[in-house]
Amino acid sequence: MDRDELLRVLRAFEAEGLEYVLIGATAMGFHGLVRATEDIDLIVRATPENLTRLRRSLQTAYPDDPHIEQIRDADLLGEYPSVRYYPPTGDLFLDVMTRLGDSASYDTVEAEIKEIEGIRVRVATPAALFRLKRDTIRPLDHQDAAALARRFHLKEGD
Amino acid sequence: MAVEKYRSAHEMNSAPIRVPLGDSFERFLRHCARYWRLSPRRYPRGVFKFRTVEEAQAARDQVAKVGMGPSQP
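One line per chain: the protein sequences are V and B, in this order.
Mapping of the first sequence onto our numbering: position 110 corresponds to residue 110, and the numbering continues sequentially without gaps.
Just add 1000 to the spot in the second sequence (first one is 1) and you have our numbering.
Any given hint could turn out to be false.
DEER-style ranges, computed between Cβ atoms [to be verified]: (1) V/72 to B/1004: 42 to 52 Å; (2) B/1005 to V/135: 29 to 39 Å; (3) B/1006 to V/17: 17 to 27 Å; (4) V/88 to B/1005: 42 to 52 Å; (5) B/1006 to V/120: 31 to 41 Å; (6) V/155 to B/1004: 23 to 33 Å; (7) V/157 to B/1037: 39 to 49 Å; (8) B/1007 to V/66: 26 to 36 Å; (9) V/153 to B/1037: 31 to 41 Å; (10) V/49 to B/1036: 28 to 38 Å; (11) V/52 to B/1006: 44 to 54 Å; (12) V/72 to B/1035: 24 to 34 Å.
Only pairs whose alpha carbons sit at most 16 Å apart, straight line, appear in this in silico EDC-like list of lysine to aspartate or glutamate [what the hints assert, rightly or not]: (13) B/1065 to V/135; (14) V/114 to V/38; (15) V/155 to V/135; (16) V/114 to B/1026; (17) V/114 to B/1023.
Read the hints as simulated data drawn from the structure, not as lab findings.
The beta-carbon is built from N, C-alpha and C at its ideal position, and this holds for glycine as well.
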């Protein structure tokens, strides 16, 4: 993951006023739990206005990429709540979700503001990440959940 | 603390990861950069959509396996 590219994307999110919560390993990085990842996982508020902000911010970060128009409201607000975007740079990709599982959405995932180089980033709290990762089937997520539990003294009921 | 001591591997693995405050995200980025150099990937271009997280994960595994993405829907 290229540092400048990540910051460019986060800066564009802020400039467009995108309503999002960063989850996944990038969010864990903000909380001091370090493991490698290639993607930026985010849950966005599921409204047409916000999805317009999403496309605008990606167009700012990746000007002239025609693929961005393929991120469609009908998909993210309908039966495809998860969209993966591979930018032209090839260094990372973005997993954009409007909902995750039965209950996780922008409104239900607790978040806090972190700052990097003056960019305000809305990051899921350690407890929210713990809940998201604990309930999936991927072994790597269970390892992440265990690391979060150890670091932040989280328990099953948190 | 530069050196930490443990009585067993289990104790070591259970220890919290110590990252200085304020530096953790930079360290995360450096770690990702090292990982990329050790294990470069060839990604597809564009947008792919998934009905479930499991579908998305399967597609990601496919990319990791062959270094190329699925065909575009």
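Give me the numbers of the hints this structure contradicts, sorted from smallest to largest.
Per hint list: 3, 8, 13, 14 violated.
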